[in-house]
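Listed in order, the protein sequences are those of chains A and B.
Residues 1 to 235 in full-length UniProt numbering are what the first sequence lists, from first letter to last.
Residues 1 to 235 in full-length UniProt numbering are what the second sequence lists, from first letter to last.
These aren't lab readings, by the way, just hints derived from the structure by calculation.
Watch out, some of these pointers could steer you wrong.
Same chains, same names: a pair is fine if it fits in one copy or spans any two.
[Said to hold, decoys possible] Listed below are the simulated SDA-like cross-link pairs for lysine to any residue, each with C-alpha atoms no more than 20 Å apart in a straight line:
1. LYS213 to GLU196
2. LYS20 to PHE65
3. LYS20 to GLU70
4. LYS20 to SER68
5. LYS82 to SER115
6. LYS20 to GLY133
7. LYS20 to ALA69
Chain by chain, the residues run as shown.
Protein chains: 2
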Amino acid sequence: MNQILASVQDDIHYRFKQVKLLELALAHSSWANEQGCPELSNERLEFLGDAVLELCVSEEAYRRFPDSAEGLLTKLRSRLVKTSTLACVARGLGLDRRMLLGKGEEAQGGRERDSLLADALEALFGAVFLDGGFAAAQELVLRLLDPLWPETPALPGGKDCKSRLQELTQEHFRQRPVYALVESSGPEHHKTFEVEAQLPDGQRFRASGPSLKKAEQAAAQVAIHALSSTRSQDK
Amino acid sequence: MNQILASVQDDIHYRFKQVKLLELALAHSSWANEQGCPELSNERLEFLGDAVLELCVSEEAYRRFPDSAEGLLTKLRSRLVKTSTLACVARGLGLDRRMLLGKGEEAQGGRERDSLLADALEALFGAVFLDGGFAAAQELVLRLLDPLWPETPALPGGKDCKSRLQELTQEHFRQRPVYALVESSGPEHHKTFEVEAQLPDGQRFRASGPSLKKAEQAAAQVAIHALSSTRSQDK
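Construct all of the structure, not just a fragment, from the sequences and the given hints.
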């Protein structure tokens with residue numbers, strides 16, 4: 001467990017003062033129930049983190065689009081915080097491998113389920129908020145969601161990670177990224193796909209998902225996150 | 001207008017660095033449209049303030065009730081941030097008198113409408129958040145809503161202001177407050193009632209509302225707010 005906690009902190013570039021909060025964020029209720037301690041589930045943190053996420057995205061929308069009416073901002077916010085988007089970000093952080101699940105939930109493919117992944121990500125935001133305050137949580141939320149903002153609020157759908165990575169690599173290297181299936185495993189009815197995104201400069205980023213498409217999106221998210229971390233260190 | 005802005009700041013115990021934000025928070029879209037400047041409406045600030053309020057109440061619920069499950073916290077939060085509750089707080093702050101309304105909205109009794117008042121209060125939270133950061137907004141939200149928290153999260157309805165004021169005056173003076181109708185004015189179909197809450201020690205607090213009941217609740221809110229400000233200064 002300590003290794004998992006260390007690697008999540010490395011990946012989110014945030015060091016917890018109270019690492020128990022991070023452990024709680026990763027604990028699905030099925031795992032907590034199996035331990036006989038329902039209070040060790042991430043549901044309360046998810047309740048809090050959902051509100052943290054909502055405020056961070058609202059403020060960013062308010063600032064990015066000073067001329068947009070409230071109705072448009074509301075729609076944009078819904079697109080950015082929707083379950084499938086959050087699940088993609090969670091996969092990019094490897095939360096799918098690192099969540100604590102009960103055996104029953106595991107057997108039913110819970111590790112690949114968008115809703116569980118989105119909840120774990122929200123719980124993580126809640127944990128950082130309690131541990132480091134609003135500014136720390138805001139920094140994390142905005143960094144992770146940064147690639148997903150559209151140029152204008154009216155653009156449908158928000159940008160998916162593959163489109164955004166393609167833009168970035170075109171900009172940097174004038175070429176597209178390439179995706180390769182590394183492995184598919186597990187029984188036929190809930191296979192896991194592991195995919196590698198290869199950038200034109202040779203960098204490779206892996207992630208997995210319950211379909212080829214979701215695994216590619218997750219690998220793109222890992223790559224974007226790595227690129228934007230490098231760029232923010234360069235600044 | 002300057003006098004209105006000064007008195008709101010006195011009443012909320014917060015001094016704006018950017019007083020334009022406060023003016024924006026008070027401006028209903030009907031007023032902005034009448035000025036020919038739709039961008040001068042409080043709708044975008046309300047979008048932001050709604051999320052500020054949600055996070056402040058979520059965190060406070062999380063902290064006050066460490067043993068309550070997420071489902072119960074969600075229900076409690078909905079009760080605390082519901083329109084009629086926020087409108088009562090807004091009346092207690094005199095936002096009904098101070099909102100900027102267009103002539104049509106004014107003629108249709110908009111000044112007494114719960115939804116407009118709740119929106120103005122949320123916009124005020126958004127304005128303080130932008131002006132002073134999360135901590136300043138949180139301090140204001142928690143101070144204004146403090147009287148409304150139930151002892152346990154499962155209690156139905158959250159406490160209304162009259163019940164809470166009665167508890168406080170019983171505690172301090174072993175007597176109940178008394179309410180008196182000072183004046184009712186306006187045409188029959190949308191009368192305004194002005195009510196005075198009298199405390200056993202002689203203090204009097206006035207507020208108005210579109211019904212006797214709402215005016216009494218608003219006067220109770222003013223009284224509670226004054227009592228809790230005095231107590232926090234005593235500490």
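Hint check:
In this assembly of identical chains, the alpha carbons of LYS213 and GLU196 lie at most 20 Å apart only when taken from the same copy (12 Å versus 65 Å across copies). Taking identical chains as interchangeable, the C-alpha atoms of LYS20 and PHE65 lie at most 20 Å apart only when they sit on different chains, with a minimum of 19 Å there against 38 Å within one chain. For a Cα distance limit of 20 Å, the shortest separation of LYS20 from GLU70 across copies, 19 Å, qualifies, whereas the shortest one inside one copy, 38 Å, does not. When the C-alpha separation of LYS20 and SER68 is checked against a cutoff of 20 Å, the pair qualifies only between copies, where the shortest distance is 19 Å, while the shortest distance within a copy is 41 Å.
Taking the shortest alpha-carbon separations for LYS82 and SER115, only the intra-copy value of 10 Å comes in at or below 20 Å, while the best inter-copy value is 27 Å. Only within a single protomer do LYS20 and GLY133 lie at most 20 Å apart by alpha-carbon distance; the minimum there is 16 Å, versus 28 Å between protomers. For the identical chains of this complex, LYS20 and ALA69 are inter-copy neighbours only, at 18 Å across copies versus 41 Å inside a copy, given an alpha-carbon limit of 20 Å.
Comparing the model with each numbered hint stated earlier shows that all of them hold.
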